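Whenever a hint applies, use it, and build me the whole structure from the sequences.
Residue numbers (this note's numbering), protein chains in the order written: chain A, -17 to 137; chain B, 4 to 434.
I should point out that these hints are in silico values taken from the structure, not numbers from a laboratory.
Please note: incorrect hints may appear among the correct ones.
Under 8 Å between C-beta atoms, here's a sample of chain A residues computed to sit facing chain B [as the list claims (entries may be wrong)]:
1) T(-15)
2) T22
3) C23
4) C48
This one's a predicted model, so the numbers in the text were calculated from it and none came from an experiment.
Beta carbons: idealized from backbone N, C-alpha and C, even for Gly.
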Amino acid sequence: MSTASLDSLYQDIILDHAKRKLNSGLREPYEAEVHHVNPTCGDEITLRVHLDGDVVKDISYENLGCSISSASVSVMTELLVGKTLEEVEPIHAAFLEMMRGKGQVEPDEDVLEDAVAFAGAAKLTARIKCALLGWMAFQDASAQAQSDTQKETDK
Amino acid sequence: MSTSSLPGLLPELEIVRKDFPILERTFEGVPLVYLDSANTSQKPQIVIDTMVDHLERHNANIARAMHHLGAESTEAFEGGRDAVARFIGAPDRDEVIFTKNASEALNLVANTLMWARGDLQIGEGDEVVITELEHHSNIVPWQLLTERTGATLRWFGLTDDGQLDVSNIDELITERTKVVSLAWVSNMLGTILPIAEITKRAHAVGDHGRGAVVVVDASQAAPQLPIDLAAMPADERPDFLAFTGHKTVGPTGIGVLWGRRALLEQLPPFLGGGEMIATVRMEKSTYAGIPHKFEAGTPPIVEAVGLGAALDYLSHIGLDAIHAHEQAITGYALDGLATVPGLTVLGPLDATQRGGAIAFELDGVHPHDIAQVLDSQGIAVRAGHHCAKPAHARFGVQASTRMSSYLYTTPGEIDALIEGLEYTRRYFKLA
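Encoded structure:
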């Protein structure tokens, strides 16, 4: 990897998020909590989702990981908190499509906003899992939260 | 320090490097600095040529083909076994069993012990002892064994400076101990374990000096320490020794288990299939003698041939000379790493008391990010937990960066690493 592609991986926006870790820390209330690991490198995240109706009211987390995985979850919370599940779905799908596209997918900045910065990581097989860790944890937690909410409504 | 004056370096280092064609690689003009040899070593031309020659001229299945090629292939394969026996000083060449890697070798021992009856049988009240610095492949098989038999798993801890804590050896190794399994050299901390002392103690426990079975994971030792099993006093000689081919400049897909003949003969088979039988009837089979009893199916033939060439190559250079080279490079690297602000080495700091894998932390930068920036400079290291999560947890570390040298590593490459780490600090605005 050249220094130029190094710079396209570590864009300022990524380094900035990795440092600030927006919305980090575990908070109440929440409907679901998950713990995900990347078994190849040992990175870990504990992530909570709080839904209010169909609005993602809060995503809180604690993580141990590299700058790519820390920045990715930080960007994700900034992007998704406050949106409805219906609005979240296409953003999540677009992020997955970009990360699994081997660098061939041209990301839509209107949908992904700051998350387009991870297009550089998508070209590096070894870093794709880093960028996806938080997003997969959110998918898991929000599915659990919705099924719990569903059970509550069914009662 | 003037690197030409570094004592202990291989005198013909530049010639040795020419034996390894991959070291010529560049990435967009940046030369490769390969410091990941504890992960896998690079391969000399003689290994590549020997394997190609076998495939081009001698390929056939072994021990069952009644033709010229079958005889040549069998001879080459068994020649590989002879080379392994020479390399580790095996008292008997039939005690050398080919597996697919060190993990399979360790699983072979753990599984056959689980199925053993008589005085080798393991059950409730029995104990298996390992250490906190093991690679996962020397932890998980013993967890499986003890979970399935009701036995108890215990382990040696580590001191703060990364040495094995043997202060409670008399509490750990007792008449209840059936197996002691430990690494010779740590793949993360570099620590060299007191194999002779622990083996002697383990062999002395139990009624009538039955002794516990001692298994040594030599995956990191075989590449860099001279091993002569036959020369060890019998009570200090382990009962089993495992290592993998690809870390000793051989190919992947082949590993070695050496075991004491009497034990191998007493243990039940591991995998069933072709080549491991004496005769098969529909009701029941009888089994071949060692080593074939533990080698079911067509083995990795060309890999065994390649491993033989690899071990002969290392022996030709000499393990004493390779060990001295590793110590010289390790000492030079430890001195260099000590100059990097915020860098902490995990494990012993005396190069003469450790192996060539050096794991470290750098304040403010995650190991993945370090490895990524170093890669942009052509420098290959490993980042993560190195399949030794408990050893990392012992030092309160999630992941580390690891450099590991070998017989082809130069002081100039260590200089490149140190400069690369300085560059990494500047890149992440720590300097």
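Each hint, compared with the structure:
no. : hint   : verdict
1   : T(-15) : holds, 6 Å
2   : T22    : holds, 7 Å
3   : C23    : holds, 4 Å
4   : C48    : holds, 4 Å
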